[in-house]
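Colleague: Sequence:
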Amino acid sequence: MTKTIIRTEKLCKTFSSGGTQQHVLKNLDISLLEGDFTIIMGSSGSGKSTLLYALSGMDQPTLGEIDFAGKSLAKFNNDQLAVFRRKHCGFVFQQIYLLDNMSVLDNVLTSGLLVSKNKREIVQKAKELLKQVGIEENSWAKFPAQLSGGEAQRVGIVRAIINRPIVLFADEPTGALNSASSDSVLDVFTDINTKGQSIVLVTHDLKTALRGNRVIYLKDGVICGDLQLGAFSENENLERLEKLKHFLAEMGW
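Residues 1 to 253 (our numbering) are what the sequence shown spells out, left to right.
If you are wondering where the hints come from, they were derived from the structure by calculation, not from laboratory data. Nothing here was measured: the structure is a model prediction, and the numbers come from that model. Errors might be hidden in some of the hints.
Said to hold, decoys possible - DMTMM-like mimics (lysine to aspartate or glutamate), calculated; alpha carbons at most 20 Å apart, straight line:
1. 3 with 67
2. 207 with 242
3. 75 with 29
4. 195 with 67
5. 207 with 183
6. 10 with 59
7. 131 with 205
8. 127 with 137
9. 10 with 67
10. 87 with 137
11. 245 with 191
12. 142 with 100
13. 87 with 9
14. 26 with 79
15. 207 with 220
16. 117 with 106
17. 207 with 29
18. 195 with 226
19. 219 with 187
20. 71 with 34
21. 26 with 226
22. 119 with 106
23. 10 with 183
24. 219 with 29
25. 219 with 183
26. 142 with 106
27. 131 with 36
28. 243 with 36
29. 219 with 236
30. 131 with 171
31. 125 with 67
32. 195 with 205
33. 87 with 106
34. 142 with 172
35. 125 with 191
36. 119 with 67
37. 71 with 9
Produce the complete structure using the sequences and hints provided.
Modeller: This is the structure:
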């Protein structure tokens, strides 16, 4: 039986602004399974990113419970949450937050050495992962400014998975990339998911959503639909696209 890695119960998030309260997430019950590539979609303001930040412990919910790999996030203080995220979560954002004054390899190593003090092991793992995502040795000494957008994002993914996170969280990771770079980054996500990496990804892009095996649709902080697409296959792409388009049309997207 596939293991549940994140489970929420009555998850709520409320923001106060100008004396009024905005209910962004409303009583969400979600179970995310190990090995899944879960896509979160919805219109602007639907609560997609807020949900991602809550699930990953980057932001605390107003009410409700989040069980992450058998741990209740509500029982952690801010420092404990930071340590938990560092060990068990990876993050990739639309903005690529590589350190400008460090080489490609050092950007990855810096993240890895925050968790492990075995430098030899981390160096070997970093080099293996960089090769895996198509960043060859002649680019390891380059600085981020010398990389294309797609290359920089692939380095960002390596940095996010160097510590073998339980879940890789991504928020619009291809939003700032051109089509070719976007495809190369999506291929990396698909590859690492095939190798067992659990992924939760927020997107508004159809091409990106097609890579997931599950699509959760949010509207006004409520889950309105939950589509099982199955494992990604290029051979079935047109069929998947029609299924996804039909689902999104039903959701009013």
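Colleague: Hints first: check each against the structure and report whether it holds.
Modeller: Against the structure, the hints come out as follows:
1. 3 with 67: 13 Å, holds
2. 207 with 242: 12 Å, holds
3. 75 with 29: 19 Å, holds
4. 195 with 67: 24 Å, violated
5. 207 with 183: With a Cα-Cα distance of about 9 Å, the restraint between residue 207 and residue 183 holds, given a limit of 20 Å.
6. 10 with 59: With Cα atoms ~16 Å apart, residue 10 and residue 59 stay inside 20 Å; holds.
7. 131 with 205: Given pair residue 131, residue 205 is violated - Cα atoms ~27 Å apart, limit 20 Å.
8. 127 with 137: Satisfied, since the Cα-Cα distance of roughly 8 Å is no more than 20 Å.
9. 10 with 67: 12 Å, holds
10. 87 with 137: Given that 20 Å is the threshold and the Cα spacing comes to 27 Å, the pair is violated.
11. 245 with 191: This hinted pair is violated, its Cα atoms lying about 24 Å apart.
12. 142 with 100: Holds: residue 142 and residue 100 sit about 10 Å apart, inside 20 Å.
13. 87 with 9: Distance of about 24 Å is beyond 20 Å: violated.
14. 26 with 79: 27 Å, violated
15. 207 with 220: Violated - the C-alpha atoms of residue 220 and residue 207 are around 23 Å apart, more than 20 Å.
16. 117 with 106: 15 Å, holds
17. 207 with 29: 27 Å, violated
18. 195 with 226: Status violated; Cα separation ~24 Å.
19. 219 with 187: Violated, because 28 Å separates the two Cα atoms, which is more than 20 Å.
20. 71 with 34: With a Cα-Cα distance of about 15 Å, the restraint between residue 71 and residue 34 holds, given a limit of 20 Å.
21. 26 with 226: Holds, at roughly 16 Å.
22. 119 with 106: 12 Å, holds
23. 10 with 183: 36 Å, violated
24. 219 with 29: Between residue 219 and residue 29 the Cα gap is close to 14 Å, so the pair holds against 20 Å.
25. 219 with 183: Status violated; Cα separation ~28 Å.
26. 142 with 106: With Cα atoms ~10 Å apart, residue 142 and residue 106 stay inside 20 Å; holds.
27. 131 with 36: Violated, at roughly 24 Å.
28. 243 with 36: Holds, at roughly 18 Å.
29. 219 with 236: 28 Å, violated
30. 131 with 171: Violated, at roughly 24 Å.
31. 125 with 67: Roughly 29 Å between the alpha carbons, so the hint for residue 125 and residue 67 is violated.
32. 195 with 205: Distance ~24 Å between residue 195 and residue 205 Cα, so the pair is violated.
33. 87 with 106: 19 Å, holds
34. 142 with 172: Status violated; Cα separation ~25 Å.
35. 125 with 191: 16 Å, holds
36. 119 with 67: 32 Å, violated
37. 71 with 9: Judged against 20 Å, a Cα distance of about 14 Å means the pair holds.
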